[in-house]
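We have chain P; now place chain Y onto it with these hints.
Chain by chain, the residues run as shown.
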Amino acid sequence: GQQVMQIPQYQHVQEGEDFTTYCNSSTTLSNIQWYKQRPGGHPVFLIQLVKSGEVKKQKRLTFQFGEAKKNSSLHITATQTTDVGTYFCAILTGTASKLTFGTGTRLQVTL
Amino acid sequence: EAQVTQNPRYLITVTGKKLTVTCSQNMNHEYMSWYRQDPGLGLRQIYYSMNVEVTDKGDVPEGYKVSRKEKRNFPLILESPSPNQTSLYFCASSFWSSYNEQFFGPGTRLTVL
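Here the protein sequences line up with chains P and Y, keeping their order.
For the first sequence, the numbering used here gives the first residue as 1, with consecutive numbering after it.
For the second sequence, the numbering used here gives the first residue as 1, with consecutive numbering after it.
Excised from the complex, chain Y in its bound form:
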């Protein structure tokens, strides 16, 4: 089944404790991205990647890191999480670029205490 998977689905952590949210797609998509969703603010793009080893900042990149070492994986890294990063996070992928239909993962609900 064609899909985007994210792990973990739920995470409660404490300020400053490094964490990684994994994202994987099995559709051989070139483009991958991360979004955070907060009430009243919609979906805001954090980082995106056009291809392996090519990443770029979205609208809200501060406090986040990403890497794209393999085509199928695009992990989101929070080196030192803070409470304002408490949010619902979505990974998405598409065939070529943001111009194409985005396929979203199921989401990761993160709480930073």
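The following block holds chain P by itself, in its conformation from the complex:
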């Protein structure tokens, strides 16, 4: 079935550094969702991107959807320890009723 590749698998940064995770698909996507999962917690919805070239911001988080709607990125400016967790992208697949998640990027932030 349709898959989405997410990179990197893991990143360790010092507080204040920037962080970016990418999701790539071989096919055109209808939309893409982003979730954050804190250690020991459950995934929490962050945002959904629908339009080609769309850019959305949530405080220090910037989400982009590629012009061809085949890739997306999440960028965090000046990371904080509260950003620690795993970030997942998710795409609609199959009959558009299924949701397929990327393998996630685990972010570790140290002081």
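To be clear, the hints were calculated from the coordinates, so they are not data collected in a lab.
A portion of the hints provided could be inaccurate.
[Claimed, not checked] Simulated crosslink set (DSBU-like; lysine-lysine; CA at most 30 Å straight-line):
{"#": "1", "chain 1": "P", "residue 1": "K98", "chain 2": "P", "residue 2": "K69"}
{"#": "2", "chain 1": "Y", "residue 1": "K71", "chain 2": "Y", "residue 2": "K18"}
{"#": "3", "chain 1": "P", "residue 1": "K98", "chain 2": "Y", "residue 2": "K65"}
{"#": "4", "chain 1": "P", "residue 1": "K51", "chain 2": "P", "residue 2": "K98"}
{"#": "5", "chain 1": "Y", "residue 1": "K65", "chain 2": "P", "residue 2": "K69"}
{"#": "6", "chain 1": "Y", "residue 1": "K69", "chain 2": "Y", "residue 2": "K57"}
{"#": "7", "chain 1": "P", "residue 1": "K69", "chain 2": "P", "residue 2": "K59"}
{"#": "8", "chain 1": "P", "residue 1": "K70", "chain 2": "Y", "residue 2": "K57"}
{"#": "9", "chain 1": "Y", "residue 1": "K65", "chain 2": "Y", "residue 2": "K17"}
{"#": "10", "chain 1": "P", "residue 1": "K56", "chain 2": "P", "residue 2": "K36"}
{"#": "11", "chain 1": "P", "residue 1": "K57", "chain 2": "P", "residue 2": "K70"}
{"#": "12", "chain 1": "Y", "residue 1": "K57", "chain 2": "P", "residue 2": "K51"}
{"#": "13", "chain 1": "Y", "residue 1": "K17", "chain 2": "Y", "residue 2": "K71"}
{"#": "14", "chain 1": "P", "residue 1": "K36", "chain 2": "P", "residue 2": "K57"}
{"#": "15", "chain 1": "P", "residue 1": "K69", "chain 2": "Y", "residue 2": "K57"}
{"#": "16", "chain 1": "Y", "residue 1": "K71", "chain 2": "P", "residue 2": "K36"}
{"#": "17", "chain 1": "P", "residue 1": "K51", "chain 2": "Y", "residue 2": "K69"}
{"#": "18", "chain 1": "P", "residue 1": "K57", "chain 2": "P", "residue 2": "K69"}
{"#": "19", "chain 1": "Y", "residue 1": "K57", "chain 2": "Y", "residue 2": "K71"}
{"#": "20", "chain 1": "P", "residue 1": "K98", "chain 2": "Y", "residue 2": "K57"}
{"#": "21", "chain 1": "P", "residue 1": "K36", "chain 2": "Y", "residue 2": "K57"}
{"#": "22", "chain 1": "P", "residue 1": "K51", "chain 2": "P", "residue 2": "K70"}
{"#": "23", "chain 1": "P", "residue 1": "K36", "chain 2": "P", "residue 2": "K59"}
{"#": "24", "chain 1": "P", "residue 1": "K36", "chain 2": "Y", "residue 2": "K17"}
{"#": "25", "chain 1": "Y", "residue 1": "K18", "chain 2": "Y", "residue 2": "K57"}
{"#": "26", "chain 1": "P", "residue 1": "K70", "chain 2": "P", "residue 2": "K98"}
{"#": "27", "chain 1": "P", "residue 1": "K98", "chain 2": "Y", "residue 2": "K69"}
{"#": "28", "chain 1": "Y", "residue 1": "K69", "chain 2": "Y", "residue 2": "K18"}
{"#": "29", "chain 1": "P", "residue 1": "K51", "chain 2": "P", "residue 2": "K36"}
Relative to the frame of chain P, chain Y by itself:
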């Protein structure tokens, strides 16, 4: 408080002993689904339901059953659990479909010996 609840939160069982993990949401959501989470594999969808009495397979349905007799409940049934079903399970719901924001339950950690 709007939420998705799952029970039990932790379960250790033995191979072949039937078990049910319950999931309930109080947001009047149409869409519900089950995921399993394994290290390095992310979240994989097991089953989903678009509405009462309507269920369909996700990416990893083998060894699982579901039912949707009421809108608020979506139990996950393992008729004969095996060790490869040891995992962290999440139930999720959304307003209408997978196109909408998914609200996840707290998770159920299952160990099958």
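Hints the structure violates: just list their numbers, smallest first.
Failing hints, ascending: 5, 17, 24.
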